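> One letter stands for each residue in the lines below.
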Amino acid sequence: MGTRLAYWLQRALRPRFGVRWLSARVEASGLVRPVFTAAEQVTKETLFGCRMCGQCALPVTGYVCPMGCPKELRNGPCGGVGADGGCEVYPERRCVWVEAFERAASQGRAADLRLLHLPIDHRRWGESSWLNYWQGRDEGLWT
Amino acid sequence: MSLRDRLRAGSFAVTAEISPPRGASTEPVTATAALLRDWVDAVNVTDNQGSNVRLASWAGSLAALHAGLEPVMQMTCRDRNRIALQSDLLGASALGIRNILVMTGDHPKFGDHPEAKPVFDLDSVQLLWTLRHMRDQGTVLTGRALKPPPDCFLGAVENPAAPPAEFRAERLGKKVAAGAQFVQTQFVFDVAAFAQWMAQVRDLGLHEQCYILPGVGAVRSRNALDYMRDKVPGVYVPDDVYRRLRAVPADQTAAEGARLAAETIQQLSAIEGVAGVHLLVAGNEQAVPGILDSAGVRAEDHGR
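Chains as they are written, first to last, in this note's numbering: chain A, 2 to 144; chain B, 231 to 534.
By construction, these hints were calculated from the structure, which means they are not laboratory data.
Keep in mind the model is a prediction, meaning the values are calculated, not measured.
Don't take every hint at face value.
Label pairs and their in silico Cβ distance ranges [unchecked claim]:
# : chain 1 : residue 1 : chain 2 : residue 2 : range
1 : B       : L434      : A       : A84       : 17 to 27 Å
2 : B       : L325      : A       : V20       : 25 to 35 Å
3 : B       : A422      : A       : A112      : 44 to 54 Å
4 : A       : T47       : B       : P479      : 54 to 64 Å
5 : B       : S232      : A       : D122      : 50 to 60 Å
6 : B       : D460      : A       : G31       : 54 to 64 Å
7 : B       : S524      : A       : T47       : 50 to 60 Å
8 : B       : G341      : A       : E46       : 41 to 51 Å
9 : A       : D122      : B       : Q439      : 29 to 39 Å
Negatives, chain B to chain A, calculated, CB over 10 Å [to be verified]:
#  : residue
10 : R308
11 : M333
12 : K339
13 : D353
14 : W359
15 : T360
16 : L371
17 : E396
18 : E400
19 : D433
20 : P463
21 : R489
We put the beta carbon where it would ideally sit given N, CA and C, even for glycine.
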């Protein structure tokens, strides 16, 4: 997905009253919730390489999933990035943080990468981060 | 004088790196510490460097301390989760190990157990933040009180030469915000590129919030030069440095490498905001006195 479109959707889908109400309904339903979560997984895996950690950092990482980093670094690249921007562990791949920096900078969002991401909660793997976000449980992921 | 006090006093500091042995003895650490203690202010003890099993960093640090050389205990995020890492800080502090150097760590793929589970529960910024929190708030991450809280002087690493170049000074800024009080860098072979990074660091005011010790290595042989250029992640050997070290006969590579290291130390110490140097000489510690001597860093100013 284009970075510009991703940021546009971020603004359009911020947790306003309607979205919050709807997401509470989705969450309450034992039938809809797993379907919704599966749809989120397919969408985000395809578009951003999401790993379903359940506490999404994409809005402040240029819409590149940091959990795609072999070291799952959430605060920027390690020191082993190749001179060509390749990953230390899989040199044929690009470093997700090199990609994140380029994508964020292209939309004037490079300052997002200065945010400090706190340690994640490993109990939340597999959860819908969209629901967590709309329900306000994602606050405090970074400062 | 401790490393912390020396840096606070504004004196040029020298640290060096040693790697503990692959074996159940602290003897090699003690011997190296005896060689280095008159020349350096503190010695880094690596944490299973290159993802190869070695004597634990805390045990090596304790041996150095007993041998009269202040240790900098390296801690990577590769092998331990947040419970073990916090526990290790308490243990280190209780044993008198004050300097802790936090880094992400190499991936297991590069070591002698490539099939191992990589942990990376915390990243280096989160680990710095966690350790500072333990010291300053006096609690573990989740709030339980520590009696007494640990005392520590927290260090970070940075690789000024790695992409994305525009973000590397900012990344140090994140580490400083998280708790880093000093930083040791990856090998600096390209002094001009390092100076550019330092200019960004000064623009952010980071040289006033943390002590910066660039890493200097001494190339020992042509094989080591090729290995460093082609195999070590994050190390960049510029063409002119490579040519210079290849231009001398093979049996003089070590001498030329030591000369280059001494010159690099002199050039780096002239850069505003550089608080000292970190000698990346693990396995080649006997070269340290010669390098420091030709760089004009005298023994009587350092060590104990």
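> For every hint, state whether the structure bears it out.
Hint check results:
no.: 1; hint: B:L434 - A:A84: 17 to 27 Å; verdict: 24 Å, holds
no.: 2; hint: B:L325 - A:V20: 25 to 35 Å; verdict: 53 Å, violated
no.: 3; hint: B:A422 - A:A112: 44 to 54 Å; verdict: 27 Å, violated
no.: 4; hint: A:T47 - B:P479: 54 to 64 Å; verdict: 58 Å, holds
no.: 5; hint: B:S232 - A:D122: 50 to 60 Å; verdict: 38 Å, violated
no.: 6; hint: B:D460 - A:G31: 54 to 64 Å; verdict: 56 Å, holds
no.: 7; hint: B:S524 - A:T47: 50 to 60 Å; verdict: 58 Å, holds
no.: 8; hint: B:G341 - A:E46: 41 to 51 Å; verdict: 30 Å, violated
no.: 9; hint: A:D122 - B:Q439: 29 to 39 Å; verdict: 30 Å, holds
no.: 10; hint: R308; verdict: 8 Å, violated
no.: 11; hint: M333; verdict: 8 Å, violated
no.: 12; hint: K339; verdict: 6 Å, violated
no.: 13; hint: D353; verdict: 5 Å, violated
no.: 14; hint: W359; verdict: 7 Å, violated
no.: 15; hint: T360; verdict: 7 Å, violated
no.: 16; hint: L371; verdict: 7 Å, violated
no.: 17; hint: E396; verdict: 7 Å, violated
no.: 18; hint: E400; verdict: 6 Å, violated
no.: 19; hint: D433; verdict: 14 Å, holds
no.: 20; hint: P463; verdict: 3 Å, violated
no.: 21; hint: R489; verdict: 26 Å, holds
Hints 2, 3, 5, 8, 10, 11, 12, 13, 14, 15, 16, 17, 18 and 20 from the earlier list are contradicted by this structure; the remaining hints agree with it.
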